[in-house]
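This is what each chain is made of:
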Amino acid sequence: MSIFKDARHLFRFVGIFVLMFIVFLIVRHFIVPKSFGEYGHYRGAAMGEIAAHPIHFAGHQACETCHVDVQDVKKNGKHAHVNCEACHGPLAKHAEDPASVTPTKPDTATLCVRCHAASVARPKNFPQVQAEEHSTGLPCETCHQPHSPAMTAGGAK
Amino acid sequence: MSGVEGYMYPNEVTLYWSVLIVLYPYITGLVAGAFILASLERVFNVAAVKPTYRLALLTALSFLIVAPLPLVLHLGHPFRSPEMYFTPHSTSAMAMFGYVYLWYLMAVLTFEIWLDYRLDIVRLSQKSRGLMRVIYKIMTLGSSNISERSLHIDERIGWVITLVGIPSAFLLHGYVGFIFGSIKANPWWSSPLMPVVFIFSAMVSGIACVMVLYMAITKLRGKTIDMKCVDTIAMYLFYTFIIDFSLEMLDLIHRIYEADESFRSLDFMVHTKLFFSQIVVQIILGTLVPLILLAVTQVTSLPEIARKRIYSIAGALTLIGIFAMRWNVVIGGQLFSKSFLGYTTYKMSLVTKEGLLVSIALILLPLGILWVLVKLLPPWTDEPASEGVAAD
Amino acid sequence: MKITRRQMLILLPAAAVAWEHVLAGTPEASPNYTMSEHWWSMLIDIPKCIGCGNCVRACQEENDVPNGFFRTWVERYHVSDEDMTNPVVISPDGGKEGFPPVAKEDEGKYFFVPKLCNHCADSPCTQVCPVGATFIAPDGVVLVDQKYCLGCAYCVQACPYGCRYIHPQKEVADKCTLCYHRITKGLTTACCEACPTGARQLVDLKNPNDPIHEFLRTHAVQILKPQMATGAKVFYNELDGSVR
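Protein chains in written order, with the numbering used here: chain A, 1 to 157; chain Z, 1 to 392; chain L, 1 to 244.
Extracted from the complex, chain A is given alone in its bound form:
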């Protein structure tokens, strides 16, 4: 009986702990997001939020729905497997609203050498040129049609 009396202050100290723990549990209940733990130890809703980010590259399937003619030129040439946006850049806005968003035409002077400038570091079987010697300053499309660049295609047009 009196041991409890003489240890009462200890129970008060412990009581504060218990009280804080209960407050913690209550706060936790309200603070932790509802979707937390839905799939694992994370907020399940996060995946939906990340998936909802806007896209910038439309993807070649979108291009090909309209630009069938370019597809026809490309399909038998060396660039058959180069996607449109690899050279033309991200054009989701154009795909969404073709009428008002007009893409700018890439400049072949800087575009082509990005891939085809000769470098020892590049794979040997990849077509590469020393730009100055090769074209003596002429734009690439003088001789090559970018969508089907082989010379046998009869040069530019």
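These aren't lab readings, by the way, just hints derived from the structure by calculation.
Among the hints, erroneous ones may be present.
To be verified - Ranges between beta-carbon positions, derived for each pair:
(1) L:108 <-> A:99: 50 to 60 Å
(2) L:198 <-> A:27: 48 to 58 Å
(3) L:219 <-> A:99: 41 to 51 Å
(4) Z:242 <-> L:103: 52 to 62 Å
What the hints assert, rightly or not - Under the rule of at most 25 Å between Cα atoms (straight-line distance), these lysine-lysine pairs were calculated in the PhoX-like manner:
(5) Z:353 <-> L:147
(6) A:75 <-> L:48
(7) L:48 <-> L:225
(8) A:78 <-> A:34
(9) Z:308 <-> Z:50
(10) L:225 <-> L:206
(11) Z:219 <-> Z:375
(12) Z:223 <-> Z:375
(13) A:78 <-> L:48
(14) A:34 <-> A:75
(15) Z:223 <-> Z:308
(16) L:206 <-> A:34
(17) Z:137 <-> Z:127
(18) Z:347 <-> Z:50
(19) A:93 <-> A:105
(20) Z:219 <-> Z:50
(21) Z:137 <-> Z:375
(22) A:78 <-> A:124
(23) Z:137 <-> A:5
(24) Z:347 <-> L:206
(25) Z:273 <-> Z:347
(26) L:109 <-> A:124
(27) Z:228 <-> Z:308
(28) A:124 <-> L:48
(29) Z:273 <-> Z:184
(30) L:170 <-> Z:353
(31) L:109 <-> L:225
(32) Z:50 <-> Z:223
(33) Z:127 <-> Z:308
(34) Z:308 <-> Z:219
(35) A:34 <-> L:147
(36) L:225 <-> Z:184
(37) Z:184 <-> Z:50
Stated by the list, open to error - Here are a few chain L residues that sit away from chain A, every Cβ distance over 12 Å (derived from the structure):
(38) 67
(39) 132
(40) 209
Heads up, the beta-carbon is just placed ideally off N, CA and C, and yes, glycines get one too.
Knowing the structure of chain A, use the given hints to seat chains Z and L on it.
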């Protein structure tokens, strides 16, 4: 891209764990070390260190209050830090921090200090006036029971708490070592010895800290230093330091002998970017010199004044050396590329959130808290506790 | 060639409907996506990489990657025959604008290595996250919940590949999402879309018709730092032993 030598993965150029993360293990180390020193008296009955028992506890508490600050300040989103309590990730060593910290703060340190001071608190609550009276009244938790029986219960419970406190102190700091030691991606950190080295270096720094503080404060108070006490502390410091140094050397020799894929890169780093902080400050100035100084006091019988000076110098050097050790672990671990092909540079800023001024403030803050605590709960055994405060 | 949106809808209703979902940008709008049916990863065909930097630029445009940080980057290795295990590696601005020319006299072997998050199945980064702000989604993609991330950077330390960084403005961990907003809508990643040589290919290991299965059976495929046992899922064809 300045400050990069060789090749870093592009995202490695920026260093994310700044000087604040150096402070964090340093401060928790002081906490753990000071507590271990306090427990010497209580659990291992080393009567000689009695004059520092309460001071060690208050030191531990004031550093512990500050310990999470550098962590929280370093976070990109400090206000999200309660998530660590609400949704702790069971596989993360860092998630444990919140719980171990709270456990140690509340169940160990505060509880033990409260039990130990309860008699003083109750007396002070009756003696003092005004605001202080209210503060002490609150601290009594409304119980002024200071019967012999209740104090006896306090004594027994306090002993148990100290007993529980020792592994808790090891846990508090050992897991800080584990945070680093368990990162397999980083060969500078990844080592099972890391938690052990952290614990022993913590004990070294904590013991040195309390020793220096005790001597400094006693001097400031114009009292005489209890040399038997300081001699004993210095002896424990010496032996703990030997264990700590052996462990660190074991780790070093192991790395040099194994010379795995990371060795060439790390070896180069130690000889260049880390040469000053690792070889000069940590090993020579911060370890070998204090060890030699302490060894001299152990094998010879020097006069009191010489011992005092040696202890002060050795203690201060030890504190610097352990800080350098934390620096070399935290910063050193981010200076080299995980490709082992290059190095980056850490540039400490001055006034930013993670700059020099904030770190200095964070180092001084515990001393300020300690000053308040000492005023509030006088730890001195050479004068009655109640007198010191009644005069205020 | 002027085709209005209306005509496009008439032309290919199915594709256009899918496109509507893409534009709507909501996961609810891609109702055919079931997470448990996918296990995403990527194939990097080293002999095909020409170091043009298209992938790096595409990634930055698609994902608004801050300057100086990279969700994907390209490294150029130079391995001399005298010191096979210590290559000289460069990645100027992540290889975004290509690489400087190589003097013909410089002996040795050169090749490009595109890097990105390996979307590890036993990822060390998600293991260390204290709050569950980064995780492996049920479809195998390692993601960051930027609304939950503390910005402690522990995951940055834990990644053996240097794929993570702290976003300088958002102050949370950021990394490759494998274009989660695209692949969940049936598109490929921005880097794969922009790669001119097919050196990067999005892979779905749970899709029995994915050519990856045949590829893995018939090629010398490696992952990065296999000694780290991270369960890395980005597969490298003909990876040189000096790559780290």
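Evaluated hints:
1. L:108 <-> A:99: 50 to 60 Å: 53 Å, holds
2. L:198 <-> A:27: 48 to 58 Å: 53 Å, holds
3. L:219 <-> A:99: 41 to 51 Å: 46 Å, holds
4. Z:242 <-> L:103: 52 to 62 Å: Given range 52 to 62 Å: holds, Cβ gap about 56 Å.
5. Z:353 <-> L:147: Judged against 25 Å, a Cα distance of about 22 Å means the pair holds.
6. A:75 <-> L:48: 20 Å, holds
7. L:48 <-> L:225: 21 Å, holds
8. A:78 <-> A:34: This hinted pair is violated, its Cα atoms lying about 53 Å apart.
9. Z:308 <-> Z:50: 18 Å, holds
10. L:225 <-> L:206: 24 Å, holds
11. Z:219 <-> Z:375: The hint holds at about 16 Å.
12. Z:223 <-> Z:375: Cα-Cα ~16 Å, so holds.
13. A:78 <-> L:48: Distance ~15 Å between residue 78 (chain A) and residue 48 (chain L) Cα, so the pair holds.
14. A:34 <-> A:75: Measuring from Cα to Cα gives roughly 51 Å; hence the hint is violated.
15. Z:223 <-> Z:308: 14 Å, holds
16. L:206 <-> A:34: Outside the cut-off at roughly 30 Å; violated.
17. Z:137 <-> Z:127: Holds, at roughly 11 Å.
18. Z:347 <-> Z:50: 44 Å, violated
19. A:93 <-> A:105: 15 Å, holds
20. Z:219 <-> Z:50: Holds, at about 18 Å.
21. Z:137 <-> Z:375: Holds. Residue 137 (chain Z) to residue 375 (chain Z) sits at ~16 Å (cutoff 25 Å).
22. A:78 <-> A:124: 16 Å, holds
23. Z:137 <-> A:5: Satisfied, since the Cα-Cα distance of roughly 19 Å is no more than 25 Å.
24. Z:347 <-> L:206: 46 Å, violated
25. Z:273 <-> Z:347: OK: residue 273 (chain Z) and residue 347 (chain Z) at ~12 Å, within 25 Å.
26. L:109 <-> A:124: At roughly 11 Å apart (the allowed maximum being 25 Å), residue 124 (chain A) and residue 109 (chain L) satisfy the hint.
27. Z:228 <-> Z:308: 11 Å, holds
28. A:124 <-> L:48: Answer holds: residue 124 (chain A) to residue 48 (chain L) is near 10 Å, not above 25 Å.
29. Z:273 <-> Z:184: 23 Å, holds
30. L:170 <-> Z:353: Since the Cα atoms of residue 170 (chain L) and residue 353 (chain Z) sit roughly 16 Å apart, the hinted pair holds (cutoff 25 Å).
31. L:109 <-> L:225: 21 Å, holds
32. Z:50 <-> Z:223: Roughly 16 Å separates the two Cα atoms, so the pair holds.
33. Z:127 <-> Z:308: 37 Å, violated
34. Z:308 <-> Z:219: 11 Å, holds
35. A:34 <-> L:147: Holds, at about 14 Å.
36. L:225 <-> Z:184: With Cα atoms ~12 Å apart, residue 225 (chain L) and residue 184 (chain Z) stay inside 25 Å; holds.
37. Z:184 <-> Z:50: Distance of about 43 Å is beyond 25 Å: violated.
38. 67: For residue 67 (chain L), whose nearest Cβ neighbour in chain A is about 17 Å away, the distance exceeds 12 Å, so it holds.
39. 132: 4 Å, violated
40. 209: 17 Å, holds
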